[in-house]
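Protein chains in written order, with full-length UniProt numbering: chain A, 1 to 289; chain B, 1 to 289.
Think of the hints as simulated: they come from the structure by calculation, not from any bench. There may be inaccurate statements among the hints.
No copy labels: a pair is met if it fits in one copy or bridges any two.
To be verified - Below, simulated DMTMM-like cross-link-like pairs (lysine to aspartate or glutamate); rule was C-alpha separation at most 25 Å, straight line: (1) 25 / 47; (2) 148 / 76; (3) 25 / 11; (4) 153 / 71; (5) 73 / 229; (6) 73 / 231.
Treat the numbers as computed from the prediction; the structure is a model and nothing was measured.
Number of protein chains: 2
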Amino acid sequence: MLYLVGLGLGDAADITVKGLQVVRKCSRVYLEAYTSMLTVGKEALEEFYGKELTLAERDLVEQEADEILKDAKETDVAFLVVGDPFGATTHSDLLLRAVRAGIPYQVVHNASIMNAVGCCGLQLYNFGETVSVVFWTESWRPESFYDKILQNKAAGLHTLCLLDLKVKEQSLENLMRGKKIYEPPRFMSVSQAATQLLEIVRRRRERGDDPGLTEDTLCVGVARLGASDQEMRTATLAQMSSCDLGAPLHSLVIAGRLHPLEVDMLRLHARGDALTHLDRECAAAPECD
Amino acid sequence: MLYLVGLGLGDAADITVKGLQVVRKCSRVYLEAYTSMLTVGKEALEEFYGKELTLAERDLVEQEADEILKDAKETDVAFLVVGDPFGATTHSDLLLRAVRAGIPYQVVHNASIMNAVGCCGLQLYNFGETVSVVFWTESWRPESFYDKILQNKAAGLHTLCLLDLKVKEQSLENLMRGKKIYEPPRFMSVSQAATQLLEIVRRRRERGDDPGLTEDTLCVGVARLGASDQEMRTATLAQMSSCDLGAPLHSLVIAGRLHPLEVDMLRLHARGDALTHLDRECAAAPECD
């Protein structure tokens, strides 16, 4: 049996009781280590689970899936994923390979950023399409995510922005030379994301276009969601661009049309300009208390 | 301290280790019992948690929140919610009341339908706005959810349809007479939801409008997600309208534009007409294997 087990978002204790039972009975346990991360490392998980873990890096999962699935018809193998197992396409790929090899599978779900972000106070059913904000390079500065935010906003919907992370990436030079030397990991912060968004606002204004978003657009930054040192901040984009929420992972939500209850929730984590704007939103909504 | 604890989706063992630690140390534990349900009842949870639970019905949470929060400054109180705690607005309301009363709070997240639905094989970041399909009555047959599905579909996005449930509802007659007599619980099935959708298709065709969806629109029905007897079915709307996935809860996903990997995942649970349509989708996508 192949078990795909979600680990949730915070630390070792965020695994479900069902998930822990699975981990403890499996003969091999892989920890997926490139699409996300917990606030604790492999060693802390091994101690908590009472089980040795094999780090499954991108290479292993995408190129050597057969090794992970080896003899999984006869023995139990677990593949652990931060958040929920269906957060990334590579995990669907692993599942399909298992099915084709006649290996039965079972999924143990858990919280992921896609639903836990509701704790920021914005209602999940008022979210539109989720977008990914990627690290820009000198020559590659895509804006497609920005247009999706505008589409959501036009429909009154909030947008969850997943922020880029680079783990075990090679520089172009090392990649071309075939050298397995990896760059230090990088995680996009809410301030970096807000800065990129404001750069697009500026660019579109210079072109004479209505940028749709402004320095005053309300957003919510979330850091280390579900961990004991979780941080949350309601801010304008301008405020967010200089906001330090500490260690990764960060996520950013761009607010759409606000319901009075959402305004009240956002107030819990707002300061300065953001509060002024929330008061204005509230004044515009007659049913607001 | 007020703890809002998500229970996940399947049975008692879907609580997280952190959540179980919280439940065991609290002096009062409430189980929210009107926005969703697990496949096991209160007694099974009490036995698994080793703790007595108080059922919190809609009346209690909305009208007597003060009773739930009573002395929560000095003692630990847990409020258990199926799925993740931020699935329903009433839980935000409870949290805001706690904050106003100076009661600290903590959230223990878990899987909810909003993220676990990814197991149907459709990628979560290709979902648009979530909609609720409500039970129609003789005189009230709203179609607003249908237009949101069309908007999502036009943008190539999938739509998660949350299906109505009626727990401890009074008939209009008993409500008006002030009689606390409750109707038997009702849970919308995927076949009922598909039937309502097809009714709208028919109505719009009769008006001479393009209904946007057809009998052949691909959808995925999910029943008892996360439980050991979970059922999943890829079907056309026509197939789904006569598909029996058994006991509640059910959810329905209307597919948008399909990625080849999504087609492969949907095939795992498809039969007959749905397979033909998936093959056609695949033929139209040159990168499909």
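Taking the hints in turn, this is what the structure says about them:
no., hint, result
1, 25 / 47, "both (15 Å within a copy, 23 Å between copies)"
2, 148 / 76, "neither (41 Å within a copy, 43 Å between copies)"
3, 25 / 11, "both (21 Å within a copy, 19 Å between copies)"
4, 153 / 71, "neither (49 Å within a copy, 41 Å between copies)"
5, 73 / 229, "between (41 Å within a copy, 21 Å between copies)"
6, 73 / 231, "between (43 Å within a copy, 22 Å between copies)"
Hint check: violations occur at hints 2 and 4; the rest are consistent with the structure.
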